[in-house]
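Asks: As a plain string of letters, each chain reads:
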Amino acid sequence: MRGWSTGAMLVVAVLAAVVGAGGAMAVSRRGGTASSTRAARTADGKPDFSGIWQALNEANWDLQAHEARPGSVTQQGVYPYAYTKVPAAAVLALGAAAGVPGSVGVVEGDGEIPYKPETAAMRKENGEHWIDRDPELKCYLPGIPRAMYMPYPFQIVQSTNKVHMAFAFTSTARTVNLDEVEPPPDDTYMGHSVGRWEGDTLVVDVTGFNGKNWFDRAGNFHSDALHLVERFSPITPDVIRYEVTIEDPKTFTRPWRISMPLYRRMEPNAQLLEYRCIEFVEEFLYGNLRKQQLVKRWEGDTIIVDITRKVPPGDQLHDWYRR
Amino acid sequence: MSRRTFQVIGVGAAVLAVVGLLKLAPVAGQAPADKSGTTPAAEGTTKAGPAGKTPWGDPDLQGIWTNDFETPLQRPSRYANKEFFTDEERAELDKQRAAIIGGDRRQSRGSEQDVGGAYNAAIFLSHKHMGKRTSLIVDPPDGRIPPVTPEVAKRRQELRDFQLALLQASDVCKNQRPGCDGGKYGPVSPRRSETPPSYLSTGAAGGGVINRSDNPEDRTLGERCMAAILPDFGGAAGFFPQIVQSPGAVSIFYDTGQGQGWQRIIPITNRPHLPPSVRQWWGDSRGRWEGNTLVVDVTNFTAKTDYQGSRENLHLVERWTRLDSNTLEYAVTMEDSTTWTKPWTIKQEFNRQSDKANRVYKEPRCHEGNYGMPALLAGARAEERAFAQGKGPNPATMCTAGCGGFAGGFADEGEEANPLAR
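Top line first, the protein sequences correspond to chains A and B.
Taking our numbering, the leading residue of the first sequence gets 1, the next gets one more, and so forth.
Taking our numbering, the leading residue of the second sequence gets 1001, the next gets one more, and so forth.
Treat the hints with care, since some could be wrong.
What the hints assert, rightly or not - Here are some of the chain B residues that sit facing chain A, going by a computed Cβ distance under 7 Å:
#	residue
1	V1138
2	S1193
3	C1225
4	Q1245
5	A1249
6	S1251
7	I1265
8	Q1280
9	L1316
10	K1356
11	A1357
12	E1368
13	G1369
14	Y1371
Rather than coming from a laboratory, the hints here were simulated on the basis of the structure.
Just so you know, these numbers come straight off a predicted model, no measurement behind them.
No residue lacks a Cβ here, since even glycine has one placed at the ideal position from N, Cα and C.
Let's have the full structure, built from the sequences with the hints guiding it.
Replies: Quick look at the structure:
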């Protein structure tokens, strides 16, 4: 029953994500009054990355190539095969909005992630326990590189000595230090970023991770030995090539790379809005501790979510048949 | 300002609170002298250079900043006609506060007040030296927040009545502790099962704490790791805004509220504000340059925030001005005709911190380590089970952490014990 019961927890997160994505779009009735004479270069002659950006891919679902799935949580259907699964109860009420889009993947080379045998087993297990384990669902800090390709916009504020990146997701940030700074006193979710320019490419060395992050919703993960080298290169004024070399000898047998374009949000009124999910996940995290349950309850170690979908007259799917 | 911090910090942040203080708060007399000499060891000891410009010609506000000195938000009544402290008064206040910080003001061991006072004034009192000003408020000239409107007074009274109803069967009222001011001891109130009369937010009177943990929503925004709000004047818990600029935007990361930090972007634009249907915890900022000053207009707040009684109608006009290489002036006018009878303004000076020392903490963050919230809720459920089985007292007669209003760590003795309030 684990698949069903954990699957049921998903609905809260999915609803939050849907609401949040809508909010972040913020396309309003107004055209642009902003004086957006965007220079391709900054005052000190570097490529100008300032602005609002977003990845446009499926990497947050799974860095690797994958086919579309009928639900973010599934269970066995009529046939016993993996390719004939059906959506699990919790996401069923959301219909086609709860599925997972397919992707050709963002892992370079043969598309494989070079796990060690023991970490490969952990990766598989992670995938099977996604909603119990993925830090994204708890609104934890997303870490790098995941924050760069989550389905939320982020904003770069590029100065001379600092390149600051602000993320809509949980209103967090990272500062890429181009000047010499002391590292934080302890490891962190978002790591410690030190950057330099190599021609037109911003190269960022990221270390100091606490090892609690994942790369995606598929369960790809790393340890606290993670070391990233990110490369931001301009393709056009509105597209950045984002490449990351990922090294983690505790988890992988060799370094590997991902790459993807990041696109500028071109709406004249584009703006980073809040996605303050700490509030959104209170029911997910603490709902079972309420004095009176709202939508879920515990029976021993099993979580029960009651879903009632009332369809008002006129919206019933098969009215034509009943007539 | 420390007063505000007291009220936003929750039990949920307890462990972080202590760690944060140890790491962040300059202990009295130990303001760090940075090797590069950009951090003043004390007022006026470092020669400041002129305020600079960015390479693209905007005034340069960038860097890590903090308030090196303690200043009360409102002028204490005993300094009613004084805009500035004398040096002797500052020294005396430092002495009084140091005595509180160094003291152990525990109530009788094992009593509810003793447990509830685990976070006492020693933790939430600023360890910084007193500044020159007797209040952050510079307008009105009496240094006090203007009177609130009848609607806000009514909302506060309704919430206070609700707080008292939930306290009336506890020892706080039985023993007539300051937390029960305005109420009296009595039987368990049927109001214990009511929804609070207004959204339980944070901030000064009108926010506050209730003696109940039925839901996460019963607890303070601090305990929910959502305490950071605008405006933020810093406080005892450490306050380090980091500013990074580009030609079209000013970014501020607020390291504040012990792991409740957040990221703010101020677009430099003449675009109108977001539509009124879009409300945000930190509002909607629009910046423009007026000479050397960054002027920011902030609207579109949510009704879930509460700053001194002002909720969704809060309108801020912030003015950020670099006075010299070491000093950033922050002036804010608060306006909300549904809350105050007239606008009011504070002014504050921030001191530049060393970029190299990089003493701004984006982590640890309260939320990832919030063991306090499940513990509060699970503890309340355990008390209820014990009572149902005849193994414990009626939880409705008990007072758990933060009972009675949690007046900035002075709940056990009353606000009169705070040398910066009386």
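Asks: Indicate, hint by hint, whether the structure satisfies it.
Replies: To see whether the hints hold, each was checked on the structure:
Restraint check, B/V1138 versus chain A: the minimum CB separation of about 30 Å is more than 7 Å; hint violated. The closest approach between the C-beta of B/S1193 and any C-beta of chain A is roughly 9 Å, which is over the 7 Å cut-off, so the hint fails. This hint holds: B/C1225 has a C-beta 6 Å from the nearest C-beta of chain A, less than the 7 Å allowed. The beta carbon of B/Q1245 comes within 6 Å of a beta carbon in chain A, closer than 7 Å, and the hint placing it at the interface holds.
Interface restraint check: B/A1249 against chain A, minimum CB-CB distance 5 Å, threshold 7 Å, status holds. Checking B/S1251 against chain A: minimum C-beta separation of about 4 Å stays under 7 Å; hint holds. The criterion of a C-beta within 7 Å of any C-beta in chain A is met by B/I1265, whose closest approach is roughly 5 Å, and the hint holds. Annotation: B/Q1280 was flagged as interfacial toward chain A, and the flag holds, the nearest CB pair being 5 Å apart, inside 7 Å.
Residue-level restraint check for B/L1316 is violated (minimum Cβ-Cβ distance to chain A is 16 Å; threshold 7 Å). The closest approach between the C-beta of B/K1356 and any C-beta of chain A is roughly 6 Å, which is under the 7 Å cut-off, so the hint is satisfied. For the restraint placing B/A1357 at the interface with chain A, the shortest Cβ-Cβ distance is roughly 6 Å, inside the 7 Å limit, so the hint holds. Hint status for B/E1368: holds, given a least beta-carbon distance of 5 Å to chain A, under 7 Å.
Residue-level restraint check for B/G1369 is violated (minimum Cβ-Cβ distance to chain A is 10 Å; threshold 7 Å). For B/Y1371, the suggested interface contact is broken, since its CB lies about 11 Å from the closest CB of chain A, more than 7 Å.
Violated hints, listed in ascending order, are 1, 2, 9, 13 and 14; each of the other numbered hints is respected by the structure.
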